[in-house]
Amino acid sequence: MRRTLILIAAALLLGAADEPQLVPDVSQRDVEIQYSFTGADLLLFGAIVYPGGVRPEKPADVVVVLKGPDQSILMREKQKVAGIWVNADRARFQSAPSFYAMASSHPISRIVDERTAAIYELGVDKLQLSPSSLNESSELDRFQAGLVELRQRSGLFVERPGTVEITDGVLYRARLPLSARVIVGDYTAETFLVQDGRVVAAAVRDITVRKSGFEQFMAVAAERWSFLYGLTAIALAVGMGWAAGAIARRI
Amino acid sequence: MDLYLPIANLSVNALVIIGLGGVVGLLSGMFGVGGGFLTTPLLIFYGIPPTVAAASAASQVTGASVSGVVTHMSRGTVDFRMGGVLIAGGVVGAGLGVLIFRLLQYLGQIDTVIGILYVLMLGGIGGLMAKESIQALIALKTGRKPQARKRRHHPLVAALPMRWRFYRSGLYISPLAPLLLGMATGILTMLLGVGGGFILVPAMLYLLGMTTQSVVGTSLFQILFVTMATTMMHAMTTKAVDLVLAMLLLIGSVTGAQVGTRLSMTIRPEYLRILLAAIVLLVAARMALGLGFRPDEIYTIEVR
Numbered sequence: 001m002r003r004t005l006i007l008i009a010a011a012l013l014l015g016a017a018d019e020p021q022l023v024p025d026v027s028q029r030d031v032e033i034q035y036s037f038t039g040a041d042l043l044l045f046g047a048i049v050y051p052g053g054v055r056p057e058k059p060a061d062v063v064v065v066l067k068g069p070d071q072s073i074l075m076r077e078k079q080k081v082a083g084i085w086v087n088a089d090r091a092r093f094q095s096a097p098s099f100y101a102m103a104s105s106h107p108i109s110r111i112v113d114e115r116t117a118a119i120y121e122l123g124v125d126k127l128q129l130s131p132s133s134l135n136e137s138s139e140l141d142r143f144q145a146g147l148v149e150l151r152q153r154s155g156l157f158v159e160r161p162g163t164v165e166i167t168d169g170v171l172y173r174a175r176l177p178l179s180a181r182v183i184v185g186d187y188t189a190e191t192f193l194v195q196d197g198r199v200v201a202a203a204v205r206d207i208t209v210r211k212s213g214f215e216q217f218m219a220v221a222a223e224r225w226s227f228l229y230g231l232t233a234i235a236l237a238v239g240m241g242w243a244a245g246a247i248a249r250r251i
Numbered sequence: 001m002d003l004y005l006p007i008a009n010l011s012v013n014a015l016v017i018i019g020l021g022g023v024v025g026l027l028s029g030m031f032g033v034g035g036g037f038l039t040t041p042l043l044i045f046y047g048i049p050p051t052v053a054a055a056s057a058a059s060q061v062t063g064a065s066v067s068g069v070v071t072h073m074s075r076g077t078v079d080f081r082m083g084g085v086l087i088a089g090g091v092v093g094a095g096l097g098v099l100i101f102r103l104l105q106y107l108g109q110i111d112t113v114i115g116i117l118y119v120l121m122l123g124g125i126g127g128l129m130a131k132e133s134i135q136a137l138i139a140l141k142t143g144r145k146p147q148a149r150k151r152r153h154h155p156l157v158a159a160l161p162m163r164w165r166f167y168r169s170g171l172y173i174s175p176l177a178p179l180l181l182g183m184a185t186g187i188l189t190m191l192l193g194v195g196g197g198f199i200l201v202p203a204m205l206y207l208l209g210m211t212t213q214s215v216v217g218t219s220l221f222q223i224l225f226v227t228m229a230t231t232m233m234h235a236m237t238t239k240a241v242d243l244v245l246a247m248l249l250l251i252g253s254v255t256g257a258q259v260g261t262r263l264s265m266t267i268r269p270e271y272l273r274i275l276l277a278a279i280v281l282l283v284a285a286r287m288a289l290g291l292g293f294r295p296d297e298i299y300t301i302e303v304r
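Protein sequence lines correspond, in order, to chains A and B. Sequential numbering from 1 applies to the first sequence in this note's numbering. Sequential numbering from 1 applies to the second sequence in this note's numbering.
There could be a bad hint or two in this list.
Cβ-to-Cβ under 7 Å is the rule here; a few derived chain B residues that face chain A [what the hints assert, rightly or not]:
id : residue
1  : 10
2  : 14
3  : 18
4  : 62
5  : 139
6  : 241
7  : 246
Source of the hints: derived by calculation from the structure; they are not laboratory data. Backbone N, C-alpha and C define an ideal beta-carbon position, used for all residues, glycine too.
Between the sequences and the hints, there should be enough to build the whole structure, so can you do that?
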């Protein structure tokens, strides 16, 4: 509640500009992955500041996009060859987001045209993956659809059209789920204000996803002290196995 | 009860994983197989990345075999000499396996090769075991004494030079035979992420002609050391050993292995073998269907 009041105060102060402005925030700037992490629900909210505080007659739309670090990926496609399914075709993409979640106040197709959606990467089918292999464009489309389908199923790509709530034309809020399978890194929460099919304002907030405590320690140990880590794994296995045997022989 | 796996990067239900480890441990104690041929596919099916599944399953097999090895050692059913030769072969084989693995990964055909290998070997060995044990069962039911096997080991094994005496196995054969066998299982350990017990046990029985009593103990002994080496190799190269996942699997499997070892003392070996044959054939059939059916995931993603 206090945050909202501060936002409104900020909105009044910024009210002098010519173009409308966005004052966005997120419920969590730091997402910590701990032993019981099963994903997180992020609340993306903020205020729309109109020049002179005058709201336009036709209400504007808001789109929020939560994006994870880009990855360079190699995709393989299985085809049926001689009765069995084998990897036959492949494609390489330089910048596939590891996570992408989008919410909008209305379905994207009703807010902006195809071109604008592609420019701002609004929607999982509009992601610019920068293919770096020599595939035909129809093939690339097929691979992109495959990627989207795969990531949507594991909760890494999310689309929630029509879920951004706008209160009194100035305050907006949306919830986006962060899957438990997200990778660590720097995430961005972008907010777009759309009016008459045109993006009139945009703002970004950064979110850091990181492992903490024990999880952080394990990840670092496996990477840096791999010999000791391996030794620990073996010692643990041998120790537990031996202990169980010793106990069982007493019974 | 959800728990986050720090290396696999996802959260799992801890009780499911412990239960899975328990079932595999039970089999491990009963039959002397590591159980990796069940753990790895089941973990992948649960959604854990294949490399993490294979790497962590290896340490679980270590844990499951320790209790088995200790039990068998106290009963004097481990042939250390035979085990030593098998381990030497296994470590060499694991090294070769790394090279083959890299080549297949580069070609993008690792999944298919793994699938086909599983089907061929599990199918072949399962069939062989089923045939043998059914014959033994019929002989048991009709009250006739089972026919004495004409040859104790395969003629090729007998043809190899430089014979050693393996007292506990009741064998006088060339160490080259178990060395090659160990190498073959070492390659499989690396490629399939399995202990190799399901290959080792039948091969020791039917190819080498070892006495049934020392087969289980000796194969567990070999599995113990080869999986330890594999765990270390994974920790150093792929860095995919998930200690939390391994811990959960271990809790289940060391307990299961104890129960399994006890059970194996009370059940007739003929029934034990036909049970193992059925399980192996079932996994093979499932794998074969998997190759032919349209897979759920047509696409796979590899992060560079």
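Here is what the structure says about each hint:
Among the interface hints, the one on residue 10 of chain B holds; its C-beta lies about 5 Å from the nearest C-beta in chain A, closer than the 7 Å criterion. The interface hint given for residue 14 of chain B is broken, as the beta carbon of that residue sits about 10 Å from the closest beta carbon of chain A, more than 7 Å. Annotation: residue 18 of chain B was flagged as interfacial toward chain A, and the flag is violated, the nearest CB pair being 12 Å apart, outside 7 Å. Using the Cβ-Cβ criterion of 7 Å, the hint placing residue 62 of chain B at the interface with chain A is satisfied: the shortest such distance is roughly 4 Å.
For residue 139 of chain B, the suggested interface contact is broken, since its CB lies about 34 Å from the closest CB of chain A, more than 7 Å. Residue-level restraint check for residue 241 of chain B holds (minimum Cβ-Cβ distance to chain A is 5 Å; threshold 7 Å). For residue 246 of chain B, the shortest C-beta to C-beta distance to chain A is roughly 6 Å, which falls under 7 Å, so the interface hint holds.
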